[in-house]
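K.L.:
Sequences and hints are given; from them, build the entire structure.
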Amino acid sequence: MRATSTKGTGERMKPRRRNRATGGLIAVAAAALVAVSIIPSAASAGRVNGGLTAPEANSPVPSSVGKTEGHLNLIAWEGYAQPEWVKPFQAATGCKVNTKYAGSSSEMVSLMANGGGGQYDLVSASGDADLRLIYGGDVKPINISLIPSWKNFQPFLQAPSFNTIAGKHYGVSFEFGPNVLLYSTKTFKTAPSSWSVLYDKKYAGQITVPDNPIQIADAALYLSKTEPKLGITDPYELTQPQFNATVALLKSEHPLIKKYWDLASQEISLFQSGTTVVGAAWPYQTNTLVAAGAKVAETIPSQGATGWADTWMLATRAPDPNCAYKWMQWMTTPQIQAEDAISFGETPANKLACPIMDKLQKGSCAAYHANAPASYFQTIKFWKTPLATCDNGKNDCVPFQDWVTAWTQIIG
Amino acid sequence: MSMTAIREDRSGKGTARISAALWRRAWLRATLTLTPPLAWFLVIYVASLVLMLITAFWTVNPFTNVLEHSWTFANFNQLFTATYTTIIVRTVEMAAIVTVTDAIIALPFAYYMARVASPRGRRALFTAVLLPLWASYLARVYAWIVILQKGGTLSWTTQKLGLGAVNIGYTNTAMWVVFSYIWLPFMIVPLYGALERIPDSLLEASGDLGARSWRTLRSVVLPLALPGIIAGSIFTFSLTLGDFITPLLVGGASSEFIGNVIYSNIGTANNLPFAATLALVPIVIMVIYLLGARALGAFESL
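Going line by line, the protein sequences match chains A and B.
Quick note on numbering: the numbering used here labels position 210 of the first sequence as 234, and the sequence is numbered without any gaps.
Quick note on numbering: the numbering used here labels position 288 of the second sequence as 601, and the sequence is numbered without any gaps.
By construction, these hints were calculated from the structure, which means they are not laboratory data.
Accuracy of the hints is not assured; some may be wrong.
Stated by the list, open to error - A few chain A positions that, by computed beta-carbon distances, are all more than 12 Å from chain B:
1) Val89
2) His95
3) Lys226
4) Pro237
5) Lys253
6) Ile281
7) Asp420
Claimed, not checked - Derived SDA-like pairs (lysine to any residue); straight-line CA-CA distance at most 25 Å:
8) Lys275/A <-> Tyr455/B
9) Lys463/B <-> Thr211/A
10) Lys319/A <-> Gln391/B
11) Lys210/A <-> Asn485/B
12) Lys275/A <-> Gln391/B
13) Lys319/A <-> Lys463/B
14) Lys226/A <-> Gly477/B
15) Lys275/A <-> Ile401/B
16) Lys319/A <-> Val459/B
17) Lys192/A <-> Gln327/A
18) Lys463/B <-> Asp224/A
19) Lys463/B <-> Tyr223/A
20) Lys225/A <-> Gln327/A
21) Lys319/A <-> Leu467/B
22) Lys225/A <-> Ile575/B
23) Lys375/A <-> Arg341/A
24) Lys319/A <-> Ile481/B
25) Lys124/A <-> Tyr576/B
26) Lys275/A <-> Glu406/B
27) Lys249/A <-> Ala269/A
28) Lys275/A <-> Leu467/B
29) Lys463/B <-> Leu280/A
30) Lys225/A <-> Gly464/B
31) Lys319/A <-> Thr299/A
32) Lys210/A <-> Val459/B
33) Lys275/A <-> Ile575/B
34) Lys463/B <-> Ala321/A
What you are looking at is a predicted structure, and each value in this text was computed from that prediction instead of being measured.
Idealized CB from N, CA, C, for every residue including glycine.
P.N.:
Right under this line is the structure:
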C-alpha cells in the first residue's frame, strides 16, 4: 500500500500485518480445499496431519555449521533486515545479505515455490503461511540444537504447532504479538473485561476493527466463551453451524462499526480524534497513541486474544545453508531480538531480550509484554490456517477461502 | 585533404539519396515513423489488456499460489454473486453522483470563466482550478480527513455558527464530497473549452429572436456545451470508477469499491485471475457509457 509510505516508518511496516493475514490466509485456506481433495491418497501415506504429509520430513539435517558461502538470500517482511543488524552480521560472518521484501504471506509462498527455486535461503514466514510451506515441501527441517538461543525461548515458541510437526522443527521462531482490545480511558474508567464491548449497541458508531478475514477468528474466540452451546474449541476450526453463528455475530456488528481499518495509522487517527472509543488493535497502536499523549489503554479481555508469530524457515533448496544457520543464530540473540522488537513493535521469542529492550528504550520490555508471565501467553490463540480438515479427524470445518468470501459479505 | 572532401561529398549525396527515396515512397516514410510508437502501443497497452482478459479465465493454485492455465468461468460466476454486485452497484452509483455533482458545479463556473471574466480574471481562475492538481492526491485526501472527521474543521465551523456538530467523516457522504472535489478540474477544463468556442453571434441571434436568458441557456448553450460535459464526465466517471484510495482512507464501514476488491485480491490474496475479472468490470461499464453517449449524439459535434 503506497499510501502508507508517506506516513513514516512506523506505519510503513505495520499495514503489512494485515496483508499477511488477509493474503496469506486466503490462499492457505484455499489450500484446505486441495487438502480435502487429496485426503484419500494422503491418509494412507504414513505421517498424516489434517490429511497432509510433509514431503521434506525425512530430509537430513546438518550436525554442525560448516564454512560459510559468502552470501545469503532472504525473503522477509520489510523491517526484518535493517542495516543495524545486517551490517554487523555481514562483518562477523562474511555472508553478504540480499533481501527480497514480500508484501503478503501469499507472496512469500509464491516466492518460495519449488523450495526457494535454488535462489532463496530463508523466509520470515508467519503462522498462516508456515503449514503451506511445510506441506508444499518448500522448507525443510533444521537442527534446532545449532541455534544456541533456542533454549532461552519462551516455552510456547520452542515447538509451536505451526512450525514444528512430529518433533521436526521447520525453522526457528522469531517474534510475535497479540491482537489487543484498545479503548479510550475517557469512556472506560476501568478496562473492559470482555470483547462484548465490540458488539455493544451502546458504542454504535464508535467501534473500529481490522479489515481482515482473520477477524472472524476473534469473533469465534469470543463466542467460544460466551456461547458454549456452539461447542467452539478452536477459533480457527469452525464447523459450518459455528461459522454461520460467528458470521451472523459479525454482521450484527456491522452497523455499529465506524470503520474497518486497513492501516495502523487510520486506527491511530480514529482514536486521536475521538471518533472511535474502542476497537481491536496491535500493541503498536497503543504505544504510538500513548506516546502521543492520547487517553487510551489496551487490554486482553477474559476470553483471550488472537495473535501472530513469525518463523525463519529454511528453503528446501537453499544454496547457502551455512550462512542461513548463521543468520538464524544471529537473529535469535538477545541483542538483535531486542533491537527488532523495538524497531518493529513486537515481542521477542528470546526471554533474555527483556533487559536489553529496557536499555534501548525504557519500559519497552513491559510495553511489549516481553516479561509477561506464562499465563499471559496462554491467553493468545496464534494465527493458523483454517483448514477444512479439523484436528478432530472430521472434515467438516470451514476452509479459509470461505472465510474470505464471508468477510467480503460482512464488510461489503 | 582532397580525399576527405570527396568522402564528405559522397556521404552528403548518400543522405540526399535516402531522403529522396523516402520522399518517393510515402508508405515507407509512414512505416518508419509509425512503427516505434505503434509497437509500443501494441505491446504496452493492447497486449497487457488482452493478457488481463485471458488471465480472468484462469485460476490460482490455492496451495502453491502459482497461476493455473486451465480455462474456467468460475471467476465470472463469483463476480455475479450478491457480495460483488452490491460493490459494483455502489461504485457505479458513486461515479454517477460525482459526475452529476461536478457537472452542476462546473457549468456556471466554466461559463463565467469563458464568457464573463476579464482575461486577467480568467487566468487567475484557471490557475485556481489547476492549482490543486499540482499537489499530491494523497495530501489532499488526508486534508479532507482532517476537515471532515469528528472535531474537524467542518464540525468546528458549524458549531461556531450554531448549527451543531456535523460528523460525516468516514461515511459515503464524505467519499462523495472528496471525490467531487478531487475530480472537479477534470470537468471544468473541457467544459470551459466547449463554452469558449460558442460564437457570440449565436447568443445574440437567440436574443434577437426573443429568447430570454433561460431559454438561450437551455436551447443554445447547453446543447453546444454537451460535448464538453461528456468529455468531462468521461474523466470524472472513469476516475471515480477506478479509485480505491479515497474509499480506503475516507470511506466508512460500507465503502468497499471495485478498486478495493481488486487491490486486496492482488496485494494480499495474490489472486490475479479474480482481480483481472474485476478489472474488466470498469472497462465494460465505460464501453457501455461511451456507446450511450454516442447514441445521445454527444460526439457528433466533436
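K.L.:
The structure should be examined with respect to each hint, and the outcome stated for every one.
P.N.:
The hints, checked one at a time:
Residue placement check: Val89/A keeps its beta carbon more than 12 Å from all beta carbons of chain B (closest about 30 Å). No Cβ of chain B comes within 12 Å of the Cβ of His95/A; the nearest lies about 26 Å off, and the non-interface call holds. Listed as outside the interface, Lys226/A is consistent with that label: its C-beta sits roughly 17 Å from the nearest C-beta of chain B, beyond the 12 Å cut-off. With a minimum CB-CB distance of about 9 Å to chain B, Pro237/A fails to clear the 12 Å threshold, and the non-interface call is violated.
Every beta carbon of chain B lies more than 12 Å from that of Lys253/A, the smallest distance being close to 29 Å; the non-interface claim holds. The Cβ of Ile281/A does not lie farther than 12 Å from every Cβ of chain B; its closest approach is about 4 Å, which violates its non-interface assignment. The Cβ of Asp420/A lies farther than 12 Å from every Cβ of chain B, with a closest approach of about 19 Å, so its non-interface assignment holds. Distance hint between Lys275/A and Tyr455/B is unfulfilled; the C-alpha atoms sit about 29 Å from each other, more than 25 Å.
Annotation: proposed proximity of Lys463/B to Thr211/A holds, straight-line Cα distance about 16 Å (limit 25 Å). Using a Cα cut-off of 25 Å, the hinted pair Lys319/A and Gln391/B is violated, with the two alpha carbons roughly 44 Å apart. Restraint check for Lys210/A and Asn485/B: not satisfied, since their Cα atoms lie roughly 28 Å apart, outside the 25 Å limit. Only pairs whose Cα atoms come within 25 Å are accepted, and Lys275/A paired with Gln391/B is accepted, the gap being roughly 21 Å.
Of the supplied pair hints, the one linking Lys319/A and Lys463/B holds, its CA atoms being roughly 16 Å apart against a limit of 25 Å. At roughly 22 Å between alpha-carbon atoms, Lys226/A and Gly477/B fall within 25 Å of each other, so this suggested pair holds. At roughly 20 Å between alpha-carbon atoms, Lys275/A and Ile401/B fall within 25 Å of each other, so this suggested pair holds. Between Lys319/A and Val459/B, the direct Cα distance comes to roughly 20 Å. Compliance with the 25 Å bound is thereby established for this hinted pair.
Proposed proximity of Lys192/A and Gln327/A is contradicted: the alpha carbons are some 31 Å apart, above 25 Å. Taking the CA atoms of Lys463/B and Asp224/A, the gap is near 21 Å; set against the 25 Å cutoff, the hint holds. Restraint check: the Cα-Cα separation between Lys463/B and Tyr223/A comes to about 22 Å, which is no more than 25 Å; the hinted pair holds. At roughly 20 Å between alpha-carbon atoms, Lys225/A and Gln327/A fall within 25 Å of each other, so this suggested pair holds.
As the CA atoms of Lys319/A and Leu467/B are separated by approximately 24 Å, the hinted pair is consistent with the 25 Å bound. Restraint check for Lys225/A and Ile575/B: the C-alpha separation of about 32 Å exceeds 25 Å, so the hint is violated. Between Lys375/A and Arg341/A the CA atoms are separated by roughly 32 Å; this puts the pair beyond 25 Å, and the hint is violated. For the suggested pair Lys319/A and Ile481/B, the alpha carbons sit about 23 Å apart, so the restraint of at most 25 Å is met.
For the hint linking Lys124/A to Tyr576/B, the alpha-carbon distance of about 21 Å falls within 25 Å, and the restraint holds. Simply put, Lys275/A and Glu406/B have alpha-carbon atoms about 23 Å apart, close enough for the 25 Å limit, and the pair holds. Restraint check for Lys249/A and Ala269/A: satisfied, since their Cα atoms lie roughly 13 Å apart, inside the 25 Å limit. For the suggested pair Lys275/A and Leu467/B, the alpha carbons sit about 31 Å apart, so the restraint of at most 25 Å is broken.
Pair hint Lys463/B plus Leu280/A holds up; C-alpha atoms about 16 Å apart against a cutoff of 25 Å. Taking the CA atoms of Lys225/A and Gly464/B, the gap is near 22 Å; set against the 25 Å cutoff, the hint holds. Our distance criterion of 25 Å between C-alpha atoms is met by Lys319/A and Thr299/A, whose separation comes to about 13 Å. For the hint pairing Lys210/A with Val459/B, the CA-to-CA distance comes to about 22 Å; that is within 25 Å, so the pair holds.
For the proposed pair Lys275/A and Ile575/B, the alpha carbon gap of about 23 Å is at most 25 Å, so the pair holds. A distance of roughly 20 Å separates the Cα atoms of Lys463/B and Ala321/A; the hinted pair therefore holds under the 25 Å criterion.
Violated hints, in rising order: 4, 6, 8, 10, 11, 17, 22, 23, 28; the structure is consistent with all others.
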